[in-house]
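Those sequence lines, one after another, are chains A and B.
The opening position of the first sequence corresponds to residue 1 in the working numbering, with each subsequent residue numbered one higher.
The opening position of the second sequence corresponds to residue 1 in the working numbering, with each subsequent residue numbered one higher.
Don't read these hints as lab results, they were simulated from the structure.
Do not take every clue at face value.
To be verified - Distance windows between CB atoms, simulated:
#1 B:Pro246 x A:Pro153: 34 to 42 angstroms
#2 B:Tyr68 x A:Asp184: 51 to 59 angstroms
#3 A:Arg68 x B:Phe29: 31 to 39 angstroms
#4 A:Thr237 x B:Gly184: 51 to 59 angstroms
#5 B:Phe56 x A:Pro153: 38 to 46 angstroms
#6 B:Gly244 x A:Arg260: 23 to 31 angstroms
#7 B:Ser191 x A:Arg68: 56 to 64 angstroms
#8 B:Gly140 x A:Glu38: 17 to 25 angstroms
#9 A:Gly76 x B:Phe56: 38 to 46 angstroms
Nothing here was measured: the structure is a model prediction, and the numbers come from that model.
Even for Gly, the Cβ is constructed at its ideal location relative to N, Cα and C.
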Amino acid sequence: MRARTRAAALLLTPFFVLFTAVMLVPIGYAVWLSLFTEKQSGLGFGGAETVFTGLDNYTAALGDRAFREGFGVLLGYCLFYIPLLLAGALGLALLLDSALARAHRLFQLALFLPHAVPGIIAALIWVYLYTPQLSPVVQAMEAGGIGFDFFSPEGTLPSVVNIALWEWLGYNMVIFYAALQAIDRSVLEAATVDGAGAWRIAFSIKIPLVRASLVMVGLFTVIGSLQLFTEPLILNTGTGSAVTSTWTPNMYAYTAAFDRNDYGLAAAASVLLALTAALLSFGVTRLTGRKPKAARKEKRA
Amino acid sequence: MTGPRTTSPWLSKTAVNGALVLATVYMLFPLVWLLTAATKDAGGLLAGNAFSFEGFDLGGNLSRLADYNDGVYFRWYLNSLLYAGVGALVCSLICVAAGYAFDTYDFRGKEKLFGLVLLGVLVPTTALALPMYLLASEVGVVNTYWAVLIPVLVNPFGVYLSRVFSSGYIPSEALEAARIDGAGELRTFWSIGLRMIMPGFVTVFLFQFTAIWNNFFLPLVMLSDQKLFPLSLGLYAWNSNAHGEPDFYPLVVTGSLLAVVPLVVAFVSLQRHWKAGLTAGSVK
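Based on the sequences and whatever the hints tell you, model everything.
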């Protein structure tokens, strides 16, 4: 028995050493940093000095309109993006799962492919497709009488949401499709015998049965959305778009750290972001009464 | 969506597959655009039909890509291969070892420890990047390969997946047999467990490889020396130049196309594995 305990310890050690080094310690360090501020002594000739300032960085971040607006942007983004993503991915999965669909593997692969494209490149491609001089899409839209400026203040949110949808729709569709395929076929047959139509089966049987994966995808999407950075950053650099350098909280933290060298403020912003993620995960799992995929799969108890 | 029950089956069959085709077009046309755009020079990109092979000059773009700045692009390519290849290999080994241990052994506080791993899945990684940068600068590894390589060795979700795979692929009888034959615990893991969990290993590797290949925020924070850049960061730097100098456009577009190719090939050829990974993560 001792040998087994020793083996378990040996096999787990590499992971937990690294886990501590790149997750636990940085979290602790971020909290620590957020309590300090670099102050210039006198007129700034004496060099900088790090002083303990308690929660000042938090009040500074929360008191900054740009930071609060960043959370507003995230809220708008989530309200717009998450329903579209979930409904779109689930809708496509139901279509693919219906008896009428053809070429399942081909559709799955084609819809999944954008996920193989790095986020930065996805953003680059779409920025080109948004630029009127370059874009066949904008030209086609104009020919069809639709004038839409993807870089305008009203256009920024749809622009970013579209890029994110393109990247994640197929990925989540495959997850939902796998969950739908796992449904016991006899349940569906029974419903058909009872006279339920395709709509009825989808809404009363299939969707309730894949609720677990809906919750999981929703949770990961919320956490992913909070980290929004790459796509708006590309829209921010040189496209003349209305995306600012502090458009999302993550961009705010990055700007605070690397443009203003205010690490305390940046750390406070990061901690607030992580806290928001924690609260939301807690809320989601509480609301739906599920633990985040806990280890129920016991083989050898 | 499918039509109501009363319509003829042919109509709803058309509707279902038509909707799927529409979604596929939306997914694929930006990739088609990338392919055709990579064959054009700056002039052709800014004028003319983007979805054609008019003014085909892929060869010219490729040679400009290879020449620019002493072929720095291919250096980035090698860097990406190094970060993603080595990073994913070591990460998958670490994950599989931990997942196997969680599945195979019983020890005190096991589920609590596993709960900690699951919490790690929920931590927003970008919120960690900044403190990680500051820690790395204290240790003196900022702007080195290690700064990008070490953080990507950790993937809590990989441990979760490995545990699921381990419980699915490794029958306890096989381990018992090895023990009866007198194999030590580590030897059993190495020569029996690891062999049997190979499909899971490949899955975790594939996902981690993609994640590292696509990684942008961490290198952006950690690296300033162009020679250490992965593709994502290099292309970002070029794109920032392109607004002033349109000659960069073909470099960015052709470079993007080449950067996408290995992942597309991997996903097309390893379909079984990414589907298995997504399924293991979703179906209870």
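Evaluation of the provided hints:
no.: 1; hint: B:Pro246 x A:Pro153: 34 to 42 angstroms; in the structure: violated, 26 angstroms
no.: 2; hint: B:Tyr68 x A:Asp184: 51 to 59 angstroms; in the structure: holds, 58 angstroms
no.: 3; hint: A:Arg68 x B:Phe29: 31 to 39 angstroms; in the structure: holds, 38 angstroms
no.: 4; hint: A:Thr237 x B:Gly184: 51 to 59 angstroms; in the structure: holds, 56 angstroms
no.: 5; hint: B:Phe56 x A:Pro153: 38 to 46 angstroms; in the structure: holds, 39 angstroms
no.: 6; hint: B:Gly244 x A:Arg260: 23 to 31 angstroms; in the structure: holds, 25 angstroms
no.: 7; hint: B:Ser191 x A:Arg68: 56 to 64 angstroms; in the structure: holds, 58 angstroms
no.: 8; hint: B:Gly140 x A:Glu38: 17 to 25 angstroms; in the structure: holds, 20 angstroms
no.: 9; hint: A:Gly76 x B:Phe56: 38 to 46 angstroms; in the structure: holds, 43 angstroms
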